[in-house]
Amino acid sequence: MSVPRYWRNEIPRYRLVGEECTVCGNKYFPARHVCSCGSTDFKAYKLTETGEVVTWTVIKNSPIGFEKYTPYVVGLIELGDGIRIMSQIVDVDPTDVSAGLKVEACFRKIKEDGKTGILQYGYKFRPIVA
Amino acid sequence: MRNVKVAGIGLLKVKEYWDRSIQDLFAETSLKAIKDAGVESIDKVYVSNMSAALMQDQLNTAALMSDAIGMPGISASRVEAGSASGGVAFHEAVQAVASGYSDTVLVTGVEKMSDILPDVVTTALAMAEEQEYTAYTGVTKTGIAAMIHRLYLDRYAEASEVCMMAVKSHEHAVGCKHAQYPFKMSIERAMSSPMEANPIHMMECAGIGDGAAAIVLVPADNAGVEVAGSAIATDYTSIAQRLDPMAMDAIRKAADRAYKMAGITAKKVDLAEVHDDFTINGVLGVEGLGLAKDGEGAKLVSTEEVDKAGKIPINTFGGLKARGNPLGATGIYQVAEVALQLRGDAGDHQVEGAKYGVAQNSGGMASICAVNVLRRAKK
Chain G
1 MSVPRYWRNE
11 IPRYRLVGEE
21 CTVCGNKYFP
31 ARHVCSCGST
41 DFKAYKLTET
51 GEVVTWTVIK
61 NSPIGFEKYT
71 PYVVGLIELG
81 DGIRIMSQIV
91 DVDPTDVSAG
101 LKVEACFRKI
111 KEDGKTGILQ
121 YGYKFRPIVA
Chain R
1001 MRNVKVAGIG
1011 LLKVKEYWDR
1021 SIQDLFAETS
1031 LKAIKDAGVE
1041 SIDKVYVSNM
1051 SAALMQDQLN
1061 TAALMSDAIG
1071 MPGISASRVE
1081 AGSASGGVAF
1091 HEAVQAVASG
1101 YSDTVLVTGV
1111 EKMSDILPDV
1121 VTTALAMAEE
1131 QEYTAYTGVT
1141 KTGIAAMIHR
1151 LYLDRYAEAS
1161 EVCMMAVKSH
1171 EHAVGCKHAQ
1181 YPFKMSIERA
1191 MSSPMEANPI
1201 HMMECAGIGD
1211 GAAAIVLVPA
1221 DNAGVEVAGS
1231 AIATDYTSIA
1241 QRLDPMAMDA
1251 IRKAADRAYK
1261 MAGITAKKVD
1271 LAEVHDDFTI
1281 NGVLGVEGLG
1291 LAKDGEGAKL
1301 VSTEEVDKAG
1311 KIPINTFGGL
1321 KARGNPLGAT
1331 GIYQVAEVAL
1341 QLRGDAGDHQ
1351 VEGAKYGVAQ
1361 NSGGMASICA
1371 VNVLRRAKK
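If you're matching them up, the sequences are chains G and R in order. Residue 1 is where the first sequence starts when you use this note's numbering, and the numbers rise one by one after that. Residue 1001 is where the second sequence starts when you use this note's numbering, and the numbers rise one by one after that.
Since the hints were derived computationally from the structure, they do not count as laboratory data. Source: prediction; values computed, not measured. Check each hint, because a few of them may be wrong.
Label pairs and their computed distance ranges (CB to CB) [to be verified]: (1) Gly117/G / Gly1038/R: 33 to 41 Å; (2) Asp1057/R / Ser39/G: 38 to 46 Å; (3) Ala1063/R / Asp41/G: 40 to 48 Å; (4) Thr70/G / Arg1155/R: 22 to 30 Å; (5) Glu10/G / Ala1309/R: 57 to 65 Å.
Glycine included, each C-beta is placed from N, C-alpha and C at the ideal position.
I would like the entire structure built from these sequences, with the hints used as guidance.
In structure tokens:
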């Protein structure tokens, strides 16, 4: 992962900022170039940081760089504002994840690029403790 | 626009070729197809390959493969569309002949997955997903399919019904000379295999293999097997962006376009090869092609209706699961298999009286799909 490739996504990944179409109000994460209404005019939109698990799985055989986190849960989460986001779901036993589980965003390490590369950070989601 | 004929076919058995290079596989299967077609020369070569850049450190494969088949000087292009590379390359080759731009076109798919370790294969497969917000999560291709699989089970079917997709593919591969795994697999064996990515069992996933498949296309002459329809459609790359993550719009749109071009509906289809890299994808392929209603694909593939004597034979040589899934070659294998059926060269796998056959080839989580419809010419 090159430094610019990492750096240019810091705001969306660190702060969960997407975009809202100024014409129709559709919201997107990550940002898009063209809205489904055809507009290309967007403003920044801060995502709701809580939502519910829609579907999920448990990754045992990971891509390179994620080995030490296995087994880990990846899910599709529907946030309170209707945006869906794919994310790891952490701080939970994989057998305790279910559809409808209420989760919140948290800031976590994603992976390390070898011994000398970038430490990558970003969002993961975890169950909301009532 | 000219009608296009499938004039020649070359298939290699999918397996692990430790002693051979991608050029070796490409050349052998291409020369087979050229011989089968009985053509004197080739105007244009389309090379379908997904991952040689990662697996063999090799780019510029259009030139490399033209050289490998002893045709330096020829016009050549490489096509990459994830695991839909083959179906998309075939579509491009059809366009070249249909338009009159080329008269004799070779389209060959090749992939050699055994040159890298399994964790690199997992990474390679994830490269067909968007990198900065999807692959970034650590999700795998199997993981994405697993999330869709879970939604399907919640909405429509029993796990064992979806799993039957793999059982049927294996059953149909028995005796197939070019299949990687030409043996039966019981539903009990599949359902008791370890979870690869819950709820997908290991035996519901296509394996890793090397393979190459080639087709020669020429202008139609009212004999043999013709291309009736050929289409590509795309979708939002991430399932998170789709209104219904399970809808697989690219499959539906490509099928609709290809059927329209062929002047048929799904009812006229006599056999189908679907992209069952995972059982759920095979089931959604069957539904996307309109061969079963939404939610009824798993029930259909659990029945004898998908066998060679059934109403709609599916994956007649074993599909991705049992014939094998050498990524960039897969889509060419599918079309070649449909052509073998329609020209009556399918041997023990022969579906009697078939007129129309369809091949469905997806890349990513069906973020791109190619649907190619072949028909037996009237003569």
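Hints and how they fare:
1. Roughly 55 Å separates the CB atoms of Gly117/G and Gly1038/R, a value that falls outside the hinted 33 to 41 Å.
2. For the pair Asp1057/R and Ser39/G, the beta carbons lie near 43 Å from each other, so the given range of 38 to 46 Å is met.
3. The given range of 40 to 48 Å is respected by Ala1063/R and Asp41/G, whose C-beta atoms sit roughly 44 Å from each other.
4. Judged by the Cβ atoms, the range 22 to 30 Å given for Thr70/G and Arg1155/R holds: they are separated by roughly 28 Å.
5. Against the hinted window of 57 to 65 Å, the Cβ-Cβ separation of Glu10/G and Ala1309/R comes to about 60 Å, which satisfies the hint.
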